[in-house]
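Enquirer: Residue numbers (the working numbering), protein chains in the order written: chain Y, 11 to 338; chain W, 2 to 284.
No lab work stands behind these hints, which were simulated from the structure alone.
There could be a bad hint or two in this list.
Claimed, not checked - Cut-off 20 Å, straight-line C-alpha distance, at most; resulting in silico cross-link-like pairs (SDA-like, lysine to any residue):
(1) W:Lys113 with Y:Gly169
(2) W:Lys279 with W:Met266
(3) Y:Lys283 with W:Cys192
(4) Y:Lys189 with Y:Gly169
(5) W:Lys113 with Y:Leu42
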Amino acid sequence: MKFLSNGNLRGWLESLMGMGSLIAPVDLEPGLTLFSQVRDPGEVNLEYEITPIPPKDLFFPSSEALFRFSPSRGYEIPRIEGETFLLGVHPCDALGIRLMDFPFLSPPADPRYEERRRRTTIIGLGCVKARPECFCTSFGIGPLDPSNADAFLVPVPGGFLVEAKTGKGARALASAKLKEASIPIPKPPEVSAIDVEAVRKVALSLFDSPYWGRLADRCLSCKVCAYVCPSCYCFDIRDYPTRDGAERVRSWDSCQSPLFTRQASGYDPRQTKASRLRNRFYHKFSYFPDEFGAFGCTGCGRCVRYCPVNIDIRETLSAILRGEARIA
Amino acid sequence: MIEEIRAKAADLLRSGEVKCFIGYERASDGLTARPFFAYSADEADRLIFDGTCVHNLARYLPDMRGKRVGILAKPCDSRSINVLIREGQVEREEVYIVGVVCDGVYRTTWGKPSRELQPRCLYCSKRTPVVYDYLVGQPPPAPESQHPASISEVEALERKPAAERWEFWRSHFARCIRCNACRQICPACYCPQCFSDQLDPLWTGIRIGLPQNWVWNVGRALHLAGRCIDCEECQRACPMGIPLAILNRKLASRVKELFGFEAGMDPRAPFPFATFEKEEEIL
């Protein structure tokens, strides 16, 4: 463990900005912090609480042209260039990127995701405070867990404890003025865990429970939960006209939208709010682990925090564990 | 007040007068409120009412079509119910409205209590619901407006040069992620197919980008002119902090200026944008 003083932070960030683009939490409005391209190191807020959008959009943009075609210029694929340093990623969001790797990097890998991933160094940041919606410890990580990051910073008085976890991380830290650390790693904040393995064991037996209908009464069928989720990765692809041709565009989509499963015939196998709400839950706690061996959730709590009507996934997990989901 | 609401809801459910009563219960943070659907007299005990009950429950009425339901209505919710009745989305006889006298609701967000009133409550002119079958609370003496405020945010923005206003909205709309929370939470957005979901013609489609976001946000606001009752739920639901209420308020004030019309106040008043008079002035 090395120590990076607050005084030496700016110099290090400037050197990262010289090596590539630096993406970090930046305050855009009162109460709104987003991962953004840094223009001045002073903008970076490493004491941020949460960003509504996790850094997934760096690898899987909310909308991107996959290719363009026109009679004059033929067929072209937009290029992905440069190197990116993604700084200030909390352990839950670093796990989110690892979870996105399962669908996007399993063969055949998605070339655009893979290219962006290859060009990005993830610099994690430990959490000194937990939010009321946090439950990351349910998924084998914790507030100070450096796994899934290339380098990791732990905030301590006067600076950060710093550690490189991969070659990429060591390269990113090479230009930082570091000292030997004399401060021990602080105690992580308390985060309560839910026994998600136990939930997974019984979940399928509750597929037809009236619980889902009752829960869906207040669901709005908006897509906030999916768009703020670090591990929701569904998309739709559609052609859009350009001045002299067209482009094929991939955009985020969500199973919460009534259009998501509507078929060409007009039939929709998930017609009710309840079936859509249930699908999101089962994808994360049953189908995704069946397919990839990991839960499709990081415990970041964003869906809990940003749901306009307080559909709280932790309550659903508890209701299943306590058997309440069996009756109503 | 809460005991009276619980008792009334329990009565309605017990007697079979309604199948479901839509109100509020405590949210999972233990501080804020969330919509609650009670189906039995026992469940009515979970109902609450206080300054954290921000949601416009009228939004759920079109989902309940064909079922007789009870609903707790603040003055703003009651105006939305009027809009829905007037637009043929809700049958008056299918809804039992328990109106509640309201002192305004707070700017609570997840996990953070607040005693500060929401901006919309500062502009609101009603403390007593405009339509109800049963009233909880004492109606205050007229005039009801407790904080007569001008629509200062709109005026402040209007004083800025056009280029600055353009940049204000550009930077906000650029952030929009098209999650549809503003649409899905809106009691006036009930179209079976929204223009933004239409594929032919493709107005915006699912693409998330500045031109599409711009068309979406401006189109949404225009479709609400003369229909929005300023419950500000779109702005509260927006995870990206886009100040949608400024657009809504500007349009509402124009409609009031031009037609002397305020949405949801009078269920019989003709709609400015659905009424044509032979001799009317062309604007």
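Enquirer: Within 20 Å, alpha carbon to alpha carbon, are lysine 283 (chain Y) and cysteine 192 (chain W)?
Expert: Distance ~16 Å between lysine 283 (chain Y) and cysteine 192 (chain W) Cα, so the pair holds.
Enquirer: Within a Cα-Cα threshold of 20 Å, do lysine 113 (chain W) and glycine 169 (chain Y) meet the stated pairing?
Expert: violated (29 Å)
Enquirer: Does leucine 42 (chain Y) sit within 20 Å of lysine 113 (chain W), going by the straight-line distance between their CA atoms?
Expert: holds (15 Å)
Enquirer: Would the hint linking lysine 189 (chain Y) and glycine 169 (chain Y) be met if the CA-CA limit is 20 Å?
Expert: Within the cut-off at roughly 11 Å; holds.
Enquirer: Hint check: lysine 279 (chain W) vs methionine 266 (chain W), CA-CA at most 20 Å. Holds or violated?
Expert: violated (25 Å)
Checked against the numbered hints above, the structure violates hints 1 and 2; every other hint is satisfied.
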